[in-house]
Amino acid sequence: MAKTVDEIAEAMYNMIKEATGLKKLKATDLTKAIIELYGDEADKQLCKDAIKQLVNSGRCVYTYFGGSFIELPHREGAAND
Amino acid sequence: MADTVVKTPKLDELEKGKWPSFVKEIKMAAKTSPMAQDLLGQLELSYEQKLGHWKHGGIVGVMGYGGGVIGRYSDMPDKFPNVSHFHTIRINQPSGWFYTSKALRTLCDIWEKHGSGLTNMHGSTGDIIFLGTSTPHLEPIFSELTKAGFDLGGSGSDVRTPSCCVGPARCEWACYDTLAMAYDLTMSFQDELHRPAFPYKFKFKMSGCPNDCVASIARSDMSIIGTWRDSIQIDKDAVAEYASRGMDIKADVVDNCPAKCMEWDGKELHIENSYCRRCMHCINVMPKALRPGKDRGATVLIGAKAPIIEGALLASVLYPFVKIEAPYQQIKDVVAKIWDVWCEEGKNRERIGEFIQRVGLGNFLDAIEVEPVAEMVAHPRENPYVFYEEYFEEDETAEEQK
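Residue numbers (the working numbering), protein chains in the order written: chain A, 1 to 81; chain B, 1 to 402.
No lab work stands behind these hints, which were simulated from the structure alone.
All of these numbers come straight from a predicted model, not from anything done at the bench.
Any given hint could be a false lead.
No more than 25 Å apart at the CA atoms, straight line, and that leaves these computed lysine-lysine pairs for BS3-like [to be verified]:
hint	chain 1	residue 1	chain 2	residue 2
1	B	347	A	44
2	A	48	B	323
3	B	347	A	52
4	A	24	B	347
5	B	7	A	48
6	B	288	B	267
7	A	32	A	3
8	B	79	A	44
9	B	16	B	50
10	B	288	B	236
11	A	52	B	55
12	B	294	B	236
13	B	55	A	24
14	A	23	B	347
15	A	44	B	337
16	B	7	B	18
17	B	50	B	79
Just the calculated beta-carbon pair ranges, DEER-fashion [what the hints assert, rightly or not]:
hint	chain 1	residue 1	chain 2	residue 2	range
18	B	113	A	65	24 to 32 Å
19	A	45	B	46	22 to 30 Å
20	A	65	B	146	25 to 33 Å
21	A	4	B	371	38 to 46 Å
22	A	45	B	7	54 to 62 Å
Stretches of chain A that chain B covers, calculated by requiring three or more beta carbons in the stretch to come under 8 Å of a beta carbon on chain B [claimed, not checked]:
hint	region
23	25–38
24	46–54
25	60–69
For each residue, glycine too, the CB sits at the ideal point set by N, CA and C.
All chains should be modelled from the sequences, with the hints used to inform the complete structure.
Next comes the structure, spelled out in structure tokens:
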């Protein structure tokens, strides 16, 4: 049975949380990891929708460090507050 | 009104000469913008110390978007507090850079209210560039821009704002409607433009003819250059008129033809169209006498890039000729396949051209299900780098027979 966008978003969120401070994950990393985890129960469109949900809800943000990554919101080191 | 005047002896040198000066423009803005004044101060210091003072801020943006804002912070916020934040905003330009004066005033009003007032019309990406604002102003700017009918452009690992030449709006050489195609691709790939999901950036540039005024062959991952596949249209009387007015047709046109496909007998110009390379030289020299053919379309090329991680690449031919008609399905279908393969196998920060070099054009064509053709060459008329399997089989059979 195909996974829902909510389930995939949750799984992605946990992956991002676990990788925080260790590795920055790109959208392609998350998509590949989810498809490896769920096999036929997930596809690229579901992953795309899940990322959109995570970013639109503010649970995750896009960041740029030489390429674009998806991370948990945080205070950036370079920021002058 | 800024109350202090920054001394900028080094920057003043850049105001000398007859050409436009960005220093002159920043100084003009500094009369009313404290941000522009601190920018001058920090820049002067950078010239003195030969050291940049910008930090890259990678997390700034507007809600839901992953592109369009490039974060910048000063590393000397105490000395230059007004440029403590100095983010750049990219705004999706209209196709061909056509504006009403009202639209330009609207953009400037928004920017003077929320930013430094400094713009770059346009950046090398093609976008309208707003230079210098702070994080709290990002959402209000975005909101006012969208109300005025504008949207942010691309940045980061996404589709960059598609860009095109002025095309049929102002140019008689346009072999297809570049403006319509740029608009269509922009609207079709909104998701890919605002939500970075690729290994690295992907640029579309559309030129209406082989003059390639937007330099798409050198600067875009997918370059769509107008061309024709029948014969150059000749107005013989106009050719004769050029000759009678003193043009040396042999020296200026025939001898400069890279394909040597033209002959001039003093009265008539003959073109062997099967050898023509569509370079546009003869048409550019005699615009009243020669025109592109009537069967028009475009050559689609892939893989150009400027040097960043690795060296510069020129694009290679993907389709020698396609008819360019809305809804551009052939292009969109192949783009989807290219993105699929590249997202699956591409390395972080690897452009599509670098990816093709790494895996080989033959394997890449296999993966995107495009048949190799003779026009896929590294340089015109030489060095094809697609290897046909049957040749290897023939070689192997010959070896076995020995």
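Right, here's what the structure says about each hint:
| no. | hint | in the structure |
| --- | --- | --- |
| 1 | B:347 x A:44 | holds, 18 Å |
| 2 | A:48 x B:323 | violated, 32 Å |
| 3 | B:347 x A:52 | holds, 23 Å |
| 4 | A:24 x B:347 | holds, 14 Å |
| 5 | B:7 x A:48 | violated, 52 Å |
| 6 | B:288 x B:267 | holds, 17 Å |
| 7 | A:32 x A:3 | holds, 15 Å |
| 8 | B:79 x A:44 | violated, 49 Å |
| 9 | B:16 x B:50 | holds, 20 Å |
| 10 | B:288 x B:236 | holds, 10 Å |
| 11 | A:52 x B:55 | violated, 28 Å |
| 12 | B:294 x B:236 | holds, 17 Å |
| 13 | B:55 x A:24 | holds, 19 Å |
| 14 | A:23 x B:347 | holds, 15 Å |
| 15 | A:44 x B:337 | holds, 13 Å |
| 16 | B:7 x B:18 | holds, 22 Å |
| 17 | B:50 x B:79 | holds, 17 Å |
| 18 | B:113 x A:65: 24 to 32 Å | holds, 31 Å |
| 19 | A:45 x B:46: 22 to 30 Å | violated, 47 Å |
| 20 | A:65 x B:146: 25 to 33 Å | holds, 27 Å |
| 21 | A:4 x B:371: 38 to 46 Å | holds, 40 Å |
| 22 | A:45 x B:7: 54 to 62 Å | holds, 58 Å |
| 23 | 25–38 | holds (count 5) |
| 24 | 46–54 | holds (count 3) |
| 25 | 60–69 | holds (count 8) |
Of the numbered hints listed earlier, those contradicted by the structure are 2, 5, 8, 11 and 19.
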